[in-house]
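If you read the sequence shown in the working numbering, its first letter stands for residue 1, the second for the next number, and so on.
Keep in mind that the hints were calculated from the coordinates and are not lab data. Don't take every hint at face value.
Cross-link-like lysine-lysine pairs, in silico, DSS-like; alpha carbons within 25 Å at most [unchecked claim]:
id : residue 1 : residue 2
1  : K309      : K174
2  : K259      : K305
3  : K321      : K271
4  : K321      : K418
5  : K418      : K82
6  : K174      : K88
7  : K305      : K271
8  : K259      : K309
9  : K259      : K321
10 : K305      : K321
11 : K174      : K418
FRET-style restraints, in silico, Cβ to Cβ [claimed, not checked]:
id : residue 1 : residue 2 : range
12 : P293      : D37       : 54 to 60 Å
13 : S346      : P263      : 35 to 41 Å
14 : H376      : K418      : 33 to 39 Å
For glycine and all other residues, C-beta sits at the position ideal for the given N, C-alpha and C.
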Amino acid sequence: MCGQDATVDSTGLWHREDPVTEPQGTGESIYRPEVLDAIEQIITSGLSEELRTLSLDIHDHPEVRWEEHRTHDVLTDFMQRKKWEVTKHHLSPTAWKATFTRGTGGRTIGVNSEMDALPGVGHACGHNLIAIAGVAVALAIGAVLEQFDIPGTVILLGTPAEEGGGGKTMLLEKGAYEGMVACVMCHPAPGPKHSAALSSCLARQILEVEFHGHTAHAALSPWEGQNAVDAAVSAYNSISMLRQQLLPTHRVHGIFIGKDWTPNIIPDYAKMVWYVRAPTRAEMEASTQRVIPCFRGAAVATACKDDVKIAGTTYDLRQNKALGDSFAQTFRSRYGSVSYGYGIQSASTDFGNVTYALPALHPSFAIPTIENGGNHTIAFAESAASEAAHKATLDVAKALAATAVRVLDDAEFYVKVKETYEADRAVRER
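Between the sequences and the hints, there should be enough to build the whole structure, so can you do that?
Printed below as a string of structure tokens:
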């Protein structure tokens, strides 16, 4: 913890009522400090006010996965005003791309801006902050390339449907990340004041199962029916019993969905949606193969038919070591502390799939919250609109921009980025 100590409870989290102090870094040596000086000037003096307005506009008009039409327009219009080459509706109705190139022969760096909100609770995961962080990082890189005459290309992707839609997975499959030598983004979470985290996250498998039975009068002739709700309840109970035999780091959770249910008719249809999570892709796949038989068994027990669909897969975050080390050094130097714990370590993101495909970095950063007011709560949505959260977003954006510039400017560092990516790929493919 740098700067004035925060008033925190036993969780060590930064609370909204804590006084906001300026971070005090370690002052340790970093790559080309004059570049970070320029980035700070660009973001703090040149962009902060505009980005705050943009963030609040997105926050006040939340749009859920695949429906980010207004947000798409607001962000693409902003980037067009900055004279970037913008491709609207890029590979998807609500995805977009903004590109800037300086010189010839340079490398290409990718940056992501998430945009979607959550049903019922709005920007309760702080994607308004992720959107402006991506914009800040990209614009800062572009300005530095010009100021220091560094050849390179920056691609800012507006990525929809992170919340359960796998938007980045779709974009990855359609080639949106081709040509990038690395890609960066960030994500807010509860944590200690003035801190960032380089934790991984959980791989996640979405399973959808439909049970089909036969209707009957529930009192007059129930023996004529096959009860689809009974099948769903049986599956739920089987999975609940299975949890005791799963590792504590694994998560399995699901919901019931029905239609036209009434107590006096044996229901002939029920649907369930389940998430299976684990620390790595391989562990998640193994646990998924233990969950699926719970659906099969429930169907057999109730004489129903089951239809299991693999609905979406996201992988764990493979934080590139070279990128992470450089980011951590920069962040510690001027903005605060870096952890390899908290953050989104027990959540999931489709950016995990990107980290499997190319060198990438996805730090979390702390914003002030209230007790029990973490991600996916109405209280976190309120936190994501705070001035302190805005300042924390800009600090992590500065460190990310400096790291990304180094990929384009430092040939030896770029080699390390590739080498650490290949070393990690060898580990995960064993």
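Margin query: Check the hint pairing K321 with K418 against an upper bound of 25 Å on the C-alpha distance.
Written below: Judged against 25 Å, a Cα distance of about 10 Å means the pair holds.
Note to self: Can you tell me whether the CB distance of H376 to K418 sits inside 33 to 39 Å?
What the structure shows: 36 Å Cβ-Cβ, so the 33 to 39 Å window holds.
Check: Regarding the pair K305 and K321, is the alpha-carbon distance no greater than 25 Å?
Finding: violated (47 Å)
Check: Regarding the pair K174 and K88, is the alpha-carbon distance no greater than 25 Å?
Finding: With a Cα-Cα distance of about 15 Å, the restraint between K174 and K88 holds, given a limit of 25 Å.
Notebook entry, point to check: Are the Cα atoms of K259 and K305 separated by 25 Å or less?
Noted result: Judged against 25 Å, a Cα distance of about 17 Å means the pair holds.
Margin query: With the threshold set at 25 Å, check whether the alpha-carbon distance from K259 to K321 stays at or below it.
Written below: Measuring from Cα to Cα gives roughly 48 Å; hence the hint is violated.
Next item on the list: For the range 35 to 41 Å, tell me whether the beta carbons of S346 and P263 fit it or not.
Entry: 38 Å Cβ-Cβ, so the 35 to 41 Å window holds.
Note to self: I want to verify a distance hint. Is the separation of the beta carbons of P293 and D37 within 54 to 60 Å?
What the structure shows: holds (59 Å)
Checklist line | Satisfaction of hint between K309 and K259, Cα-Cα up to 25 Å | finding: holds (19 Å)
Item checked: Distance restraint between K418 and K82, which requires alpha-carbon spacing of 25 Å or less -> violated (31 Å)
Notebook entry, point to check: When you check the alpha-carbon spacing of K305 and K271, does it fall within 25 Å?
Noted result: holds (12 Å)
Check: Is K321 close enough to K271, meaning Cα to Cα at most 25 Å?
Finding: At roughly 42 Å apart (the allowed maximum being 25 Å), K271 and K321 break the hint.
In terms of the numbered hints stated before, the structure departs from hints 3, 5, 9, 10, listed from lowest to highest.
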